[in-house]
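Here the protein sequences line up with chains B and D, keeping their order. First residue of the first sequence: 1, per my numbering; consecutive thereafter. First residue of the second sequence: 141, per my numbering; consecutive thereafter.
FYI, nobody ran anything at the bench for these hints, they're computed from the structure. Yeah, the Cβ is synthetic: ideal placement off N, Cα and C, and Gly gets one too. Certain hints may be false.
Stated by the list, open to error - The calculated lysine-lysine pairs, modelled on DSS-like cross-linking and capped at a C-alpha distance of 30 Å, are:
1) D/Lys640 with B/Lys72
2) D/Lys172 with D/Lys183
3) B/Lys42 with D/Lys172
4) D/Lys557 with D/Lys183
5) D/Lys172 with D/Lys640
6) B/Lys99 with B/Lys48
As the list claims (entries may be wrong) - One side only, chain D facing chain B, incomplete, derived with CB under 10 Å:
7) Asn257
8) Val268
9) Gly387
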Amino acid sequence: MFRPKVLITKIGLDGHDRGSRIVAAHLRDAGMEVVYTPPWQKIETVVKLAVEEDVDVVGVSSLATDHLIVPKLMDALRAAGMADVAVIIGGIVPDEDEKELLDAGVARVFHPGAALDDIAAFVTEATARVRAARFPAISP
Amino acid sequence: MNKPLSEPIPASTEEAQVRWSAEYAAQIGAGKVVRNRSGIEVKPLYTPLDVDSSRFLADVGFPGQAPYTRGIYPTMHRGRTWTQRQLIGLGTPAAYNERLLDILAQGATAVSLIPCNSVFRGYDMDEVDAELLGTCGVVCNSADHMTTCLDGVDLATTSCAMNDPSPFTLLAFMLATAKRRGVDWRALTGTSNQSDYLSHFVANHMFFRLALAGARRVLTDHIAWCGEHLPRWNPLSIVGQHMQQAGATPAEAMAFTLSSAIQYADDCVAAGLSPDSFLPRFTFFFDISLSFFEEVAKFRAGRRIWARLARERYGAQDPRSSRFKFHAQTSGVDLTRQQPLNNIARVTAQAIAGIFGGLQSLHTDAYDEALSCPTQFGARIAVATQNILREEARLTDVIDPLGGSYYVEALTDEMEKRVLEVMADVERAGGMYRAVESGFVQRRIGESARAFQERVDSGEQTVVGVNAYQVEEDAAARPALAKPDVADMDAHRAAFAAWKAARSERLVANALDDLARAAQAPRDNVFAQVVAAADAGCTHGEICGTLRRELGFGNPLIVL
Numbered sequence: 001m002f003r004p005k006v007l008i009t010k011i012g013l014d015g016h017d018r019g020s021r022i023v024a025a026h027l028r029d030a031g032m033e034v035v036y037t038p039p040w041q042k043i044e045t046v047v048k049l050a051v052e053e054d055v056d057v058v059g060v061s062s063l064a065t066d067h068l069i070v071p072k073l074m075d076a077l078r079a080a081g082m083a084d085v086a087v088i089i090g091g092i093v094p095d096e097d098e099k100e101l102l103d104a105g106v107a108r109v110f111h112p113g114a115a116l117d118d119i120a121a122f123v124t125e126a127t128a129r130v131r132a133a134r135f136p137a138i139s140p
Numbered sequence: 141m142n143k144p145l146s147e148p149i150p151a152s153t154e155e156a157q158v159r160w161s162a163e164y165a166a167q168i169g170a171g172k173v174v175r176n177r178s179g180i181e182v183k184p185l186y187t188p189l190d191v192d193s194s195r196f197l198a199d200v201g202f203p204g205q206a207p208y209t210r211g212i213y214p215t216m217h218r219g220r221t222w223t224q225r226q227l228i229g230l231g232t233p234a235a236y237n238e239r240l241l242d243i244l245a246q247g248a249t250a251v252s253l254i255p256c257n258s259v260f261r262g263y264d265m266d267e268v269d270a271e272l273l274g275t276c277g278v279v280c281n282s283a284d285h286m287t288t289c290l291d292g293v294d295l296a297t298t299s300c301a302m303n304d305p306s307p308f309t310l311l312a313f314m315l316a317t318a319k320r321r322g323v324d325w326r327a328l329t330g331t332s333n334q335s336d337y338l339s340h341f342v343a344n345h346m347f348f349r350l351a352l353a354g355a356r357r358v359l360t361d362h363i364a365w366c367g368e369h370l371p372r373w374n375p376l377s378i379v380g381q382h383m384q385q386a387g388a389t390p391a392e393a394m395a396f397t398l399s400s401a402i403q404y405a406d407d408c409v410a411a412g413l414s415p416d417s418f419l420p421r422f423t424f425f426f427d428i429s430l431s432f433f434e435e436v437a438k439f440r441a442g443r444r445i446w447a448r449l450a451r452e453r454y455g456a457q458d459p460r461s462s463r464f465k466f467h468a469q470t471s472g473v474d475l476t477r478q479q480p481l482n483n484i485a486r487v488t489a490q491a492i493a494g495i496f497g498g499l500q501s502l503h504t505d506a507y508d509e510a511l512s513c514p515t516q517f518g519a520r521i522a523v524a525t526q527n528i529l530r531e532e533a534r535l536t537d538v539i540d541p542l543g544g545s546y547y548v549e550a551l552t553d554e555m556e557k558r559v560l561e562v563m564a565d566v567e568r569a570g571g572m573y574r575a576v577e578s579g580f581v582q583r584r585i586g587e588s589a590r591a592f593q594e595r596v597d598s599g600e601q602t603v604v605g606v607n608a609y610q611v612e613e614d615a616a617a618r619p620a621l622a623k624p625d626v627a628d629m630d631a632h633r634a635a636f637a638a639w640k641a642a643r644s645e646r647l648v649a650n651a652l653d654d655l656a657r658a659a660q661a662p663r664d665n666v667f668a669q670v671v672a673a674a675d676a677g678c679t680h681g682e683i684c685g686t687l688r689r690e691l692g693f694g695n696p697l698i699v700l
């Protein structure tokens, strides 16, 4: 069995981190390797961490409109050669913004009420896809 | 006239209780243990056997009298109803002012200003990502901006709450506004709403990024300065709401809040202030969850503990020192994105719990809060909910209407016990400041947050529309979102840049130098210099930046 490696972070300006803490702790206890950052990370910092830690999934928590700068994060990840990493968002994201985010390459948006096990299952699936793309030779 | 009953009335309460227990057990057995969010076991029935009536005066008593369990004023909502204080966070100062005047016209009675998250980070609008400006609060960076925000609001008669962490720049901007309008500072009423820096390090992290020790220094200075210059202003609001929203149980949130109050009061005493000079201006701010009776009991227990603390720990003589004044906000965490109109029912139940709990000021959440920053439509329903509860449902007719309920009195006692246990844990951890520094408080809150989420995920805690009673929804039926007007925000940024370029650089530099010097001189009052700097034309980012340099940059203390 592979062990997903996930970066859980918050970018932008908001500091509410109940969601990111709960998700990070749940994924950790589900056996995943979790890299956790406090709120207000700069996009460059997130990209640097994603590269250095070679994560499969980047989870961005957004309560108060910080998701609006996720397209910038997607561009920066692509520019750093991390186009294959799966980016997921959790939090308060209006429907019309969700469409834009999915168009920008975000893998999935989890809204309030999402179950922790569903998030973990998605991270596992996404990791399988990411690794299949990264290591086509050794994937089944 | 009295026909003989087919069944005799039991001879005693004890006999009745025994019989009822047997009948209850025969029908549903021992049943499942029911616990409230604070972990207290809730029985299926409460009777006179659950309350000690000889303790009525000592534990319950009358409103406006120690121990204040039933309310802090003799008249409570019969005399003056609660203040309707709705948060508004919207775009530019002009947009904020427009919404503010609208909700004042709808029945809101006080101002609450929540700044943009850029302000909450301690930065000016030219220091952050432009696309985030004004999406969640008003972009208020200067005294000029505050003057626009409060245009048409009579500062001498309208209570203003500023969501304003240390070093309290928003209050300083408001004081500059008052000075320009010739309003006597001594007439100003309101509250420095986000003054509880400990809660920021623990929970929502919405602070201007001063280091813990620096925030502690500035808060004590702020309380001292306001005591001298703003006799009707509440310089401190101790916030259980942040901790409960972050996951603390109601009992833990109350305990951490009271432990924080002890920390702040001890710091004021250490600075040479007399308890009766500052305790009357301590205020509290709580969350109201959907756990209805638990919330009512939480507030009643909190009032009782505070009254005893004020007298026993601080030797307070002024009755106002013992009065546990609080604002409360319905819990956003309990609201759902699914079937969002259901949130109106949730907010109503939460609001009733807060009203029966004896609050002084109430914010009802808009039903669309789990979707976005509230729309004007949602905000109006939130205000109307309060009006309906007060004037149609007539919840204000009787003071403490749940007082004397066997359940509520017993639960108040149980909540008090639980709160005191957690407070003792904090005391053992070295008091609240140390307990936050060491991560003790954060760990407790994190554990409780996860335990609650697991109860929701397992279906043990029903959340309608989320883990039960789901329906297919038409996303198109969701409310249209209010987004900040990009052109307005661009104009606001351009005007700010032009204004900064035209300021007297000398005045600004001198004021910031004075501020830096005060920060390095322990006997000087830092907040006095913040007020002077705001008046001299310094911006929010400049004032916070100067103090971050002098007093240290604050990172939240997060424990996973």
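So, going through the hints one by one against the coordinates:
1. Straight-line distance between C-alpha atoms of D/Lys640 and B/Lys72 comes to about 29 Å, which keeps the hinted pair within the 30 Å bound.
2. Annotation: proposed proximity of D/Lys172 to D/Lys183 holds, straight-line Cα distance about 10 Å (limit 30 Å).
3. Our distance criterion of 30 Å between C-alpha atoms is broken by B/Lys42 and D/Lys172, whose separation comes to about 49 Å.
4. Between D/Lys557 and D/Lys183, the direct Cα distance comes to roughly 17 Å. Compliance with the 30 Å bound is thereby established for this hinted pair.
5. A hinted pair counts as satisfied when its Cα atoms are at most 30 Å apart, and D/Lys172 with D/Lys640 does not qualify at roughly 66 Å.
6. Under the criterion of a C-alpha separation no larger than 30 Å, the hint pairing B/Lys99 with B/Lys48 is consistent with the structure, at around 27 Å.
7. Given hint, D/Asn257 at the interface with chain B, holds; its Cβ is 4 Å from that chain's nearest Cβ, closer than 10 Å.
8. A hinted interface residue such as D/Val268 counts as satisfied when its beta carbon comes closer than 10 Å to some beta carbon of chain B; here the least separation is about 6 Å, so the hint holds.
9. With 10 Å as the threshold, the beta carbon of D/Gly387 comes within range of chain B, its nearest partner Cβ sitting at about 6 Å, so the hint holds.
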